[in-house]
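K.L.:
Below are the chains, spelled out letter by letter.
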Amino acid sequence: MKSIRIGAGLGFYGDAWAPIAATLARGEVQYIGSDHLSELTLAILQKDRMKDPGAGYTRDLVPMLTALWPAARRQGVKFLLNAGGLNPQGAAAALTAEFSKRGWQARIAVVTGDGVLDRFDELRAAGDTLAHLDTGADIAGVRERMLFANAYLGAQPLVDALRQGADIVLTGRVADAALFMAPLIHEFDWAWDDWQKLAQALTVGHLLECSGQGSGGNFNAYGEHGWQSIPDYPHLGYPIAEVSADGTAVITKASGTGGRVDFDTLRQQLLYEVHNPHRYFSPDVVLDMGTLTLTDLGDDRVEIKGASGLPRTDTLKVVGGYADGWAGTATIGYCWPQAYRKAQATERIVRQLLTERKLDYQEIHTEFIGLDSLLGPLADTSRAEELNEVYLRMVVRTPDKRLAEAFPRQIPWLGLSGPPTASGFSGIEPARALLGLWPTLARRELIESQVQVTVTNT
Amino acid sequence: MRLVDIAHARSGDKGDRADIGLFARNAADYAVIKREVTAQRIADHFRGIAAGPVELWPLDNLWAIKIVLNGALQGNAARSLRSDNLGKCLAAALLRMEIETA
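Chains as they are written, first to last, in this note's numbering: chain A, 1 to 458; chain B, 1001 to 1102.
If you're looking for bench data, these hints aren't it; they were derived computationally from the structure.
Since the model is a prediction, treat every value here as computed from it, not as a measurement.
A couple of the hints might just be wrong.
To be verified - If you want the footprint, here are the derived chain B segments under chain A, 3+ residues with CB under 8 Å:
1. 1028 to 1035
2. 1043 to 1055
3. 1076 to 1087
Unchecked claim - Distance windows between CB atoms, simulated:
4. E1055(B) - Q89(A): 17 to 27 Å
5. A1028(B) - R124(A): 46 to 56 Å
6. I1099(B) - R443(A): 41 to 51 Å
7. M1001(B) - E405(A): 47 to 57 Å
8. E224(A) - I1099(B): 17 to 27 Å
9. N1085(B) - D360(A): 16 to 26 Å
10. T293(A) - S1083(B): 31 to 41 Å
11. E1055(B) - A71(A): 38 to 48 Å
12. N1085(B) - G54(A): 40 to 50 Å
13. N1085(B) - E144(A): 22 to 32 Å
Stated by the list, open to error - Distance condition first, Cα-Cα at most 30 Å in a straight line; then the derived DSSO-like pairs of lysine-lysine:
14. K47(A) - K1088(B)
15. K2(A) - K305(A)
16. K1088(B) - K1034(B)
17. K1014(B) - K1088(B)
18. K47(A) - K1014(B)
19. K1014(B) - K51(A)
20. K401(A) - K1014(B)
21. K47(A) - K2(A)
22. K1014(B) - K305(A)
23. K317(A) - K1088(B)
24. K305(A) - K1088(B)
25. K401(A) - K1088(B)
26. K317(A) - K305(A)
27. K305(A) - K51(A)
28. K401(A) - K358(A)
29. K51(A) - K401(A)
30. K1034(B) - K51(A)
31. K51(A) - K101(A)
32. K1034(B) - K305(A)
33. K1034(B) - K1014(B)
34. K317(A) - K47(A)
35. K47(A) - K401(A)
C-beta: ideal position from N, C-alpha, C; glycine also.
So here's chain B without its partners, still in its complex pose:
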């Protein structure tokens, strides 16, 4: 299964940091993403994009995980050479991640 099947997400930019809010649809799915979405797995998934460390905050009140990818935007959006200079598609890229539900 992929994250897109049980969660949704939005990404934004702040300097060289891309940030992603990841949202589970219910408490049961939240337990799954909390277990599956670790800083290490995120770092592996975004290899080639995020040069710096991954930070992660679970928010039980929102069934959400806040993810920050440091060093992910070639300095910042106005310095980046990429078409997706703001990292708007990074949330979608995260939703492609394979997870175990059992």
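Extracted from the complex, chain A is given alone in its bound form:
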């Protein structure tokens, strides 16, 4: 029986592609799906695009494909990447220029139509309220501050691109799993209402969309079979799915790579960033994970069967990001003895000075690095008296950028004129723009009618 092997690409903007080279060398894959966009990545790309209208795609695209394409080309491996970000056409232009310079041939498809920032009036006129998905709030309150808004597209335009012979499919915002579902739907010619097979495909995509998290990375388990038992972290291999025409899948990884694919590492990824596991929404199908079976076959192979699919909904998820104030940050360290007491004293001094100087912030967040910066109120502080060292980190929130910039300047003088042993001061940190997220729904046909697939040869 025919089976298709798809390898995981990046799991975020900035991830490593050396494991993809290992997959190309020894993974026997026909496709790589690469997810460059987290919920927040579009905010970074928006800043790039404001400086340069030709930017707005993830800048790892060109170096990554330059490194991987010769091996991929030899084996006929195709790439699907959402590295287009806010500017898939710009991404294609940059890639085409680089490939042409090197005399490389490739058929590149570009998927557009996910951006809806300039379509709010049209969507609202057509009946979509664009109210906040969780709170029901009216979008009017944030609309003027909105920096981007993109719909999560499904697999259809990616399948269209593959059917037109594309070697490289570049998209903006699509459902992460669509990058992996599209090759399966294309190769096996699955119907768009074959909910069980689409549910299997969605499961596969979900297991592969976070690169090494699907093969033993960030494996948060302790004891005998815990994180310390994961082999060869430096050469961890990204997961590979081997899928049959009936939808049955085996998750594995390239031979000779580190990491581990077993029931435990895959379970952790299966439920990652899932809300109701009986209603895991995607543009193409709604997955119920309650009937899935994960069977450990040994040798880094796990069989995935039994996913239940429910019909897709009439709406697509849209996520917008809007400017939501500024953060100012200051960090300063203290050593034993009484490291924690000295850091606490400095916090009190700073707060008193802010009051006296009428520097009014919406929120002042304090944490002590080495004691509670990652666990917050859940940290055990019972042994804080004997800490070797601790860093005070204070962060303020304000709508005013100048106030955010002013905050870290209140700290340095305390090195010579405050509690003893202040050290490790890392300089004045620049103010950081904060971003609010606006999840909402839009009617499917209003989005999909604007989606276009363009295919060109380099």
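Put chain B on the given structure of chain A with help from the hints.
P.N.:
Okay, now just chain B, sitting in the frame of chain A:
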């Protein structure tokens, strides 16, 4: 006993929601965590972190419990002032919870 002795967990973020997958090592331990890990106990454990309600789904096929902490990320990761803006450590924080095994 603490959850870390019989279970493992991974957390992630989606807007203002932190989500945690909690996994028992075998069927017997799954029965224990299903009994011990209630929405009320989770809400108590994460007091000071999660401002909204706790949702919880047991998955017998995976010996797992899916836990969602609403209002746990100061709006979202790009708005949060915390070092752990993505809530990556919340799964570990859960593993510290004391449970009864008898």
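K.L.:
Check each numbered hint against the structure and report the violated ones by number, ascending.
P.N.:
Hint check: 1, 4, 12, 21, 27, 30 fail, others pass.
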